[in-house]
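A.B. asks: Chain by chain, the residues:
There are 2 protein chains.
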Amino acid sequence: MLSAKKKLYKKKDYPVEDVRFYLEPSPAVLLTSQYKNERNVMTLGWYTIMEFTPSLIGCMISGSNHSFELIKKSRVCVINLPTVKLSHTVVDIGNCSGINIDKFDKFGLETEKGHKINAPLLVNCYANFECRLYDSKLVKDYNFFIFEIVKAHVATSPKYPKTIQYRGNSHFIDSGRNFKIPSLK
Amino acid sequence: MLSAKKKLYKKKDYPVEDVRFYLEPSPAVLLTSQYKNERNVMTLGWYTIMEFTPSLIGCMISGSNHSFELIKKSRVCVINLPTVKLSHTVVDIGNCSGINIDKFDKFGLETEKGHKINAPLLVNCYANFECRLYDSKLVKDYNFFIFEIVKAHVATSPKYPKTIQYRGNSHFIDSGRNFKIPSLK
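Protein chains in written order, with our numbering: chain A, 23 to 207; chain B, 23 to 207.
Treat the hints as calculated values from the structure; they're not laboratory data.
Treat each hint with caution, since some may be false.
If chains are identical, the list can't say which one is meant, so a pair holds when it fits in one copy or spans any two.
[As the list claims (entries may be wrong)] With a straight-line cut-off of 30 Å between C-alpha atoms, the simulated DSS-like cross-links for lysine-lysine are:
1. Lys138 <-> Lys128
2. Lys107 <-> Lys29
3. Lys128 <-> Lys173
4. Lys173 <-> Lys162
5. Lys181 <-> Lys95
6. Lys94 <-> Lys159
7. Lys34 <-> Lys202
Excised from the complex, chain A in its bound form (with noise of 0.2 Å):
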């Protein structure tokens, strides 16, 4: 479970243009979204970093989300990164929807507000991201939104943290073994 009597992790605030360091490999993420007092999460796997500064990424929400219309509507979201240890909390959340039923409690889900937007951050995540709508011109077409990422909240520790990737029909990979090869930019 993503709760714990104990935060799991203590944060710094990160630049904003490095984010490619956790997101360019496309770890699942948790998405985290509030419309007035509504507020959802969703588990999410398809998107891709679009520039260094500003911070922009790319996400595919589908239109069949309940977090589709709360993003529609208040132009925010958190992306959290959770890590291995949080696989099965992953699957539960990205299993229901936030419809009739307020996931945050039913999975016990620990949050802070938002420093620059309002929308919930997940403690429990080894990293927050907040993001603001930045340019809604695919989301008709293709459900795709481009947010600008305008705050970083990353772990002090560990450096590399487990995070997992889903790759559908249940298969997941964790992420191995890190290295480096000089050099490419």
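Given chain A, put chain B in place with the hints provided.
C.D. replies: Chain B alone, transformed into the frame defined by chain A:
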């Protein structure tokens, strides 16, 4: 090196609507393109699955890449999936421009012709996905190309190729443990 006397993989046709199995985790891929007699290959990490049917994938191709112009003109390309053995070739390809050299010759890349499109497949990559430009609406503002994968060639083994993911500043991760958790759609 990517070249080899004998072919590294035996491949089969693969359903284009199932390519997320390989591409959702966003491994570093090699994008090949051709316009008239000019061809090129580049390293790509910024892309996302966008739809099952048609099989859509959105790719960020910087305007500073030689491939950008070739693909804009030819409206086709191939996404080739290298494995960890080819890490250094992936880096080398990403570190030079094809404007004055033929990278296929320079790096000894064995190719064969696309089956449905006119662009080279990299024989010794684990998989090859032939793409046609589907929507260029975001090319002008973001260099974001939406391609349709029209033909997929995937190696018959191993089932779980060890791929690599890039995260900036020369840092890579290879794909880790494969596991299943029922049942995220």
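A.B. asks: Now tell me if each hint is right for this structure.
C.D. replies: Outcome of the hint check:
1. Only within a single protomer do Lys138 and Lys128 lie at most 30 Å apart by alpha-carbon distance; the minimum there is 26 Å, versus 49 Å between protomers.
2. Proximity of Lys107 and Lys29 under a CA criterion of 30 Å is satisfied intra-copy only: 14 Å inside one chain copy versus 40 Å between copies.
3. In this assembly of identical chains, the alpha carbons of Lys128 and Lys173 lie at most 30 Å apart only when taken from the same copy (27 Å versus 43 Å across copies).
4. Both within a single protomer and between protomers do Lys173 and Lys162 lie at most 30 Å apart by alpha-carbon distance, with minima of 27 Å and 27 Å respectively.
5. Taking the closest pair of Cα atoms, Lys181 and Lys95 never come within 30 Å of each other, the shortest separation being 36 Å inside a single copy and 43 Å across copies.
6. Taking identical chains as interchangeable, the C-alpha atoms of Lys94 and Lys159 lie at most 30 Å apart whether they share a chain (12 Å) or sit on different chains (20 Å).
7. Proximity of Lys34 to Lys202 under the C-alpha cut-off of 30 Å is restricted to the intra-copy arrangement: shortest distance 24 Å within a copy versus 33 Å between copies.
In summary, the structure is inconsistent with hint 5 from the numbered list given earlier, while agreeing with all the others.
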